[in-house]
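> Here is how the chains run, residue by residue.
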Amino acid sequence: MLSATPDRTSSLDLVRFVLSLISRNQILKASMQEDVFKILNQASRLANNPQDISDDLLPESIDLALQLRLHPDIQSIVRTVPDSNAITAEVANNLLEVMKPISNPHGG
Amino acid sequence: MFLLQSRLKELLRAPTVSVQNEKYIKRLIDVIDIILQQFNSPDTEPICHAICRELWSATQYISGSTLKTVPYEIVYALKVALADWGKEDFVITTAIIDERNYYFKEADPNRVLKRFIEIDMDIELIQIAFPKLYRHRPLYNVALYHELGHFIDHHYKIITYSSLLEPYSDDKDLAKMQDYHRREYFADLVAASYTGEGYTRFLGHFSRDQMDTTTHPSIQNRLNNIEDFLNGNTNSIIDLFQRVLTLLRLPQLRIRFESPDIKPRFSNVLPYDIQNDAELHGIFVSGWEFLGDVHDGKVETWCGLESFEADRIVNDLIEKSIRNRVITEKWKNVHNNQK
Numbered sequence: 239m240l241s242a243t244p245d246r247t248s249s250l251d252l253v254r255f256v257l258s259l260i261s262r263n264q265i266l267k268a269s270m271q272e273d274v275f276k277i278l279n280q281a282s283r284l285a286n287n288p289q290d291i292s293d294d295l296l297p298e299s300i301d302l303a304l305q306l307r308l309h310p311d312i313q314s315i316v317r318t319v320p321d322s323n324a325i326t327a328e329v330a331n332n333l334l335e336v337m338k339p340i341s342n343p344h345g346g
Numbered sequence: 010m011f012l013l014q015s016r017l018k019e020l021l022r023a024p025t026v027s028v029q030n031e032k033y034i035k036r037l038i039d040v041i042d043i044i045l046q047q048f049n050s051p052d053t054e055p056i057c058h059a060i061c062r063e064l065w066s067a068t069q070y071i072s073g074s075t076l077k078t079v080p081y082e083i084v085y086a087l088k089v090a091l092a093d094w095g096k097e098d099f100v101i102t103t104a105i106i107d108e109r110n111y112y113f114k115e116a117d118p119n120r121v122l123k124r125f126i127e128i129d130m131d132i133e134l135i136q137i138a139f140p141k142l143y144r145h146r147p148l149y150n151v152a153l154y155h156e157l158g159h160f161i162d163h164h165y166k167i168i169t170y171s172s173l174l175e176p177y178s179d180d181k182d183l184a185k186m187q188d189y190h191r192r193e194y195f196a197d198l199v200a201a202s203y204t205g206e207g208y209t210r211f212l213g214h215f216s217r218d219q220m221d222t223t224t225h226p227s228i229q230n231r232l233n234n235i236e237d238f239l240n241g242n243t244n245s246i247i248d249l250f251q252r253v254l255t256l257l258r259l260p261q262l263r264i265r266f267e268s269p270d271i272k273p274r275f276s277n278v279l280p281y282d283i284q285n286d287a288e289l290h291g292i293f294v295s296g297w298e299f300l301g302d303v304h305d306g307k308v309e310t311w312c313g314l315e316s317f318e319a320d321r322i323v324n325d326l327i328e329k330s331i332r333n334r335v336i337t338e339k340w341k342n343v344h345n346n347q348k
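Same order as they appear, the protein sequences are chains A and B. Count along the first sequence starting at 1, add 238, and that's the number in our numbering. Count along the second sequence starting at 1, add 9, and that's the number in our numbering.
Keep in mind that the hints were calculated from the coordinates and are not lab data. These numbers come from a predicted model, not from an experiment. Warning: the hint list may mix true and false statements.
[As the list claims (entries may be wrong)] Covered, in the sense of this in silico footprint (three residues per stretch, anywhere, with C-beta under 8 Å from a C-beta of chain A), are these stretches of chain B:
#	region
1	52-59
2	118-124
3	170-177
4	265-275
[As the list claims (entries may be wrong)] Pairs of lysine to any residue, SDA-like flavour, derived with a Cα cap of 25 Å:
#	chain 1	residue 1	chain 2	residue 2
5	B	LYS272	B	GLN187
6	B	LYS339	B	HIS164
7	A	LYS267	B	VAL343
8	B	LYS88	A	PRO297
9	B	LYS88	A	LEU296
10	A	LYS267	B	LYS96
11	B	LYS123	A	SER314
12	B	LYS96	A	LEU308
13	B	LYS88	B	PRO280
14	A	LYS276	B	HIS164
[Said to hold, decoys possible] From the derived model, a few chain B residues whose C-beta atoms are all more than 10 Å from chain A:
#	residue
15	PHE48
16	LYS96
17	GLU127
18	ILE128
19	LEU257
20	GLN261
21	GLU298
22	TRP340
Glycine included, C-beta positions come from ideal geometry on N, C-alpha and C.
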């Protein structure tokens, strides 16, 4: 908008939603779990080195990278996830715990 | 979901629905059929809700996008601009609002659909809204190029990424303001790259005397930044944006318009024959300049015309020039396809 706050929804809503399904042991397609892992992985690399950009960079990874920078507690959980199978209900719950209260102070 | 589907079917029956929107609405109706079949158990209810939310947001402006209300000329120009940013297959839906403001809203049901049911909508959707009063005033709708800038930023996460490279202040309130301002500067430069001084003239009128606020830099700072860009000068903001665009493998911000000499045609109240895409964007620059000349009494044939009337006719000539370009391009495409 020209004269008011731009309307921006976070692309992380979908990641949070998938995590909430995992945390409730809802059966998901393997590809969805892999997708979330990819976002966590890309975000973690970006947060450490913003120039480490992969060809298949997902927009959600950039949003999450910023969250990782702002909230190191999320980063420490992400580090414990070596592959998509490791995103258990417990891990998903832990991630949601720290991701939930975030209202991004930087917008986006 | 049933209600949404029935509403879409109603819209499809409207005689004024455009061909492209019809295709999009039909696809949405099919997708809802699949969802209703696949997600009919209590277990799948949350997924169904999530999809429904996305589809709902994708249909917000469709009812306003009838043949009678779509401002084709500016929508066409925006589509051409979006192609520069790798976005070619999408539908633009429009809403005409009473408010004096502009919106550019992305709706991407694909994001959810691809992940949950492996369906690709094939088409992306962009929703724009602009003031009713400016429906036939393309010169005032150059603001939509600014909104296009917000869309590009939001879609590719350009400013969010920039904050990884150059973080904001540790002070949360200040950081928030810096983020908003960076986004505005970026959107301004996108608009200026297509419509140059046409955009600065509009901005000067529209946001006259605007001081620094949390969400927007002062008008003076915005105009200074645009001026730097248009004059080929650089500054820390422009440098940062160009660096981010390079790293994200996106096109650079650069001047993408050529202002055509419309004066000989417009002086005689004739539309201009737009030669290429650069002139398509540039006609907004020339149009604002011509309008200024008319107001200053520099166009002999237009002397004595009331200001409001001159404004209406210049905007009308811009519309006609773009419309002619659309028709010519369509004609060429048909002709080429027949070869």
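> Hints first: check each against the structure and report whether it holds.
Now for the hints, and whether the structure bears them out:
no. : hint                  : in the structure
1   : 52-59                 : holds (count 4)
2   : 118-124               : holds (count 3)
3   : 170-177               : holds (count 6)
4   : 265-275               : violated (count 0)
5   : B:LYS272 <-> B:GLN187 : violated (42 Å)
6   : B:LYS339 <-> B:HIS164 : violated (29 Å)
7   : A:LYS267 <-> B:VAL343 : violated (44 Å)
8   : B:LYS88 <-> A:PRO297  : holds (22 Å)
9   : B:LYS88 <-> A:LEU296  : holds (24 Å)
10  : A:LYS267 <-> B:LYS96  : violated (29 Å)
11  : B:LYS123 <-> A:SER314 : violated (30 Å)
12  : B:LYS96 <-> A:LEU308  : violated (31 Å)
13  : B:LYS88 <-> B:PRO280  : holds (21 Å)
14  : A:LYS276 <-> B:HIS164 : holds (19 Å)
15  : PHE48                 : holds (12 Å)
16  : LYS96                 : holds (13 Å)
17  : GLU127                : violated (8 Å)
18  : ILE128                : holds (13 Å)
19  : LEU257                : violated (7 Å)
20  : GLN261                : holds (17 Å)
21  : GLU298                : holds (21 Å)
22  : TRP340                : holds (36 Å)
Of the numbered hints given earlier, the model fails hints 4, 5, 6, 7, 10, 11, 12, 17, 19; all others are met.
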